[in-house]
Amino acid sequence: MTTPKPHPLPSSVVRDDEPLLVASARSGNASAFEELVGRYEDKIFRLTSNITGNREDAEDAMQDAFLKAYAHLKDFHGESRFYTWLVRIAANEALMRLRKRRPNHFSLDQPIAGDSDLMPRELDEWRPNPEQLYAKSEIDKIVSSFVDQLEDEYRIVLVLRDVEELSTQETADALGISLSAVKSRLLRARLKLREKLSRHFRQGALN
Amino acid sequence: MNCKGVIREISNYIDGDLDPVVKQELERHLEHCEDCTMIVDQTRKSIEILCDSRPVSLPTDVRDRLHTQLRRKINHDPS
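Here the protein sequences line up with chains A and B, keeping their order.
Counting in this note's numbering, the final residue of the first sequence is number 196, and the numbers go up one at a time with none missing.
Counting in this note's numbering, the final residue of the second sequence is number 82, and the numbers go up one at a time with none missing.
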């Protein structure tokens, strides 16, 4: 088997040959499966890292996710995108490990009491634009560090919805929680991220 | 709709997931509220920045271990 250098691929874009590759992998073609792994390994590792916040767990979760995907390929019937199916498996693997490290620490489906935490505090304009202040790679680093700082229950939903670009329904399905639980966490996660970025970009503009 | 109402619906609004009547009320508020307009724009921009962020490449050692594991499994357990 070859180990081709993966090419980053937006999750919303499905290459034309993907259904053929999946079919080929399902019929036992190992190199077709490895080609699929090569396409998505960067993204799946980012996902498991984002969820677990721990490099060792992220690697284990990614490995087990691909192994499980291979073992259960026959159960994938193309109802969703292959990537979405893979994300569900990887998210589960990562969540299992996070729960092991932090038992009873976070809940993805308990109602959130009150909305006193919603009102924004940072009310300054982003001027100059973040793109004028920072290089793209710096902005990526800044946003990634702020995502890491979010509470587990907010970070996990935000990552599936706005990084992996799953729909709200797909996110709910992947996490086994209700649509309203996804929406309430997503709202808070997005507002918290805006708040953190706002504080940073204001400071950046002052420096 | 007041500012609090806008903030509560901001995520649904950005996702285009609002009832048309509520959307209209929200947009009517935005017409005269600069703070809320800015918060909507910045929240949308935050999501864009997040969506656009690229995954760092898998570290070589992690990648090698992954492919070694896969080959071992696939060779032992051909399906």
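There may be inaccurate statements among the hints.
What the hints assert, rightly or not - Mimicking DSBU-like on lysine-lysine, the simulated pairs with C-alpha atoms at most 35 Å apart in a straight line are: (1) 125(A) x 48(B); (2) 48(B) x 63(A); (3) 172(A) x 76(B); (4) 7(B) x 185(A); (5) 7(B) x 172(A); (6) 125(A) x 26(B).
Keep in mind that the hints were calculated from the coordinates and are not lab data.
For clarity, every value in this text was computed on a predicted model and none was experimentally measured.
Taking the hints in turn, this is what the structure says about them:
This hinted pair checks out: residue 125(A) and residue 48(B) have alpha carbons roughly 14 Å apart, not beyond 35 Å. Distance restraint check for residue 48(B) and residue 63(A): the Cα-Cα separation of roughly 40 Å exceeds the 35 Å cut-off, and the hinted pair is therefore not satisfied. About 39 Å separates the Cα atoms of residue 172(A) and residue 76(B), which puts this hinted pair outside 35 Å; it is violated. Restraint check: the Cα-Cα separation between residue 7(B) and residue 185(A) comes to about 20 Å, which is no more than 35 Å; the hinted pair holds.
The straight-line distance between the Cα atoms of residue 7(B) and residue 172(A) is roughly 17 Å, inside the 35 Å bound, and the hint therefore holds. With a C-alpha separation of about 33 Å, the suggested pairing of residue 125(A) with residue 26(B) holds against the 35 Å cut-off.
Checked against the numbered hints above, the structure violates hints 2, 3; every other hint is satisfied.
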